[in-house]
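K.L.:
Spelled out from the first residue to the last, the chains are:
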Amino acid sequence: ETGVTQTPRHLVMGMTNKKSLKCEQHLGHNAMYWYKQSAKKPLELMFVYNFKEQTENNSVPSRFSPECPNSSHLFLHLHTLQPEDSALYLCASSQDISDYGYTFGSGTRLTVV
Amino acid sequence: AQSVTQLGSHVSVSEGALVLLRCNYSSSVPPYLFWYVQYPNQGLQLLLKYTTGATLVKGINGFEAEFKKSETSFHLTKPSAHMSDAAEYFCAVTRADSSYKLIFGSGTRLLVRP
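Residue numbers (my numbering), protein chains in the order written: chain A, 1 to 113; chain B, 1001 to 1114.
Hints were generated in silico from the structure; no laboratory data involved. Yeah, the Cβ is synthetic: ideal placement off N, Cα and C, and Gly gets one too. Among the hints, a few may not be true.
[As the list claims (entries may be wrong)] EDC-like mimics (lysine to aspartate or glutamate), calculated; alpha carbons at most 20 angstroms apart, straight line:
#1 A/Lys18 / A/Glu53
#2 A/Lys41 / B/Glu1015
#3 B/Lys1101 / A/Glu53
#4 B/Lys1058 / A/Glu67
#5 B/Lys1101 / A/Glu84
#6 A/Lys41 / A/Glu67
#7 B/Lys1049 / A/Asp99
#8 A/Lys22 / A/Asp85
[Unchecked claim] One-sided excerpt, in silico: chain A residues whose CB lies under 8 angstroms from chain B:
#9 Gly3
#10 Val4
#11 Gly28
#12 Lys41
#13 Leu43
#14 Leu45
#15 Cys68
#16 Leu90
#17 Tyr100
#18 Gly101
#19 Tyr102
#20 Gly105
#21 Ser106
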């Protein structure tokens, strides 16, 4: 148990579906992150939240919509995705955005068909 | 802008042999440098980090890395590989001027032969 829990672990969705990824941490951290990990590519930072406020949107397409209702929970809402969006989506948290000792979840393996 | 280059997408060593994973960075200001490890079906785990002070940094599981400013390198080493070290290793860099973007390399997969 890493302290950051992501659900579901695996998700298969059609291009017209709407689904959500969930991330939860009870480490008392105030910053949360979404990363995309594709095969043979570096991890890509998608979104950053600090004290529930979005501080970074790394030019992510609007078909990905993040939500951070409180410092312990982070969601990634998905709609009308493309096959190239298939990847491992990793959530991470840290004490705040100046703390780089991130704690990562195990990820959600997303397949878009 | 910062960037990270990890030489070798795959490194194979025998059990008990030296592990050397290479990382070079590019940064216009003093960097903070990190190594993370990812075991199969898991998220990333922080191995060690360099921010300021001693350039030789010791981490978990017997790994260490040395910050060499003149070579813009932060290579990861372990004197004796263990089968349990088989995983993917990521080098990462950020700026020491309060920028909070952590930039990751492409990763190096370490294979340990019996």
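K.L.:
Each hint needs a verdict: does it hold in this structure or not?
P.N.:
Hint check results:
| no. | hint | in the structure |
| --- | --- | --- |
| 1 | A/Lys18 / A/Glu53 | 24 angstroms, violated |
| 2 | A/Lys41 / B/Glu1015 | 28 angstroms, violated |
| 3 | B/Lys1101 / A/Glu53 | 16 angstroms, holds |
| 4 | B/Lys1058 / A/Glu67 | 37 angstroms, violated |
| 5 | B/Lys1101 / A/Glu84 | 24 angstroms, violated |
| 6 | A/Lys41 / A/Glu67 | 25 angstroms, violated |
| 7 | B/Lys1049 / A/Asp99 | 11 angstroms, holds |
| 8 | A/Lys22 / A/Asp85 | 17 angstroms, holds |
| 9 | Gly3 | 10 angstroms, violated |
| 10 | Val4 | 7 angstroms, holds |
| 11 | Gly28 | 17 angstroms, violated |
| 12 | Lys41 | 7 angstroms, holds |
| 13 | Leu43 | 4 angstroms, holds |
| 14 | Leu45 | 6 angstroms, holds |
| 15 | Cys68 | 16 angstroms, violated |
| 16 | Leu90 | 6 angstroms, holds |
| 17 | Tyr100 | 6 angstroms, holds |
| 18 | Gly101 | 5 angstroms, holds |
| 19 | Tyr102 | 7 angstroms, holds |
| 20 | Gly105 | 5 angstroms, holds |
| 21 | Ser106 | 5 angstroms, holds |
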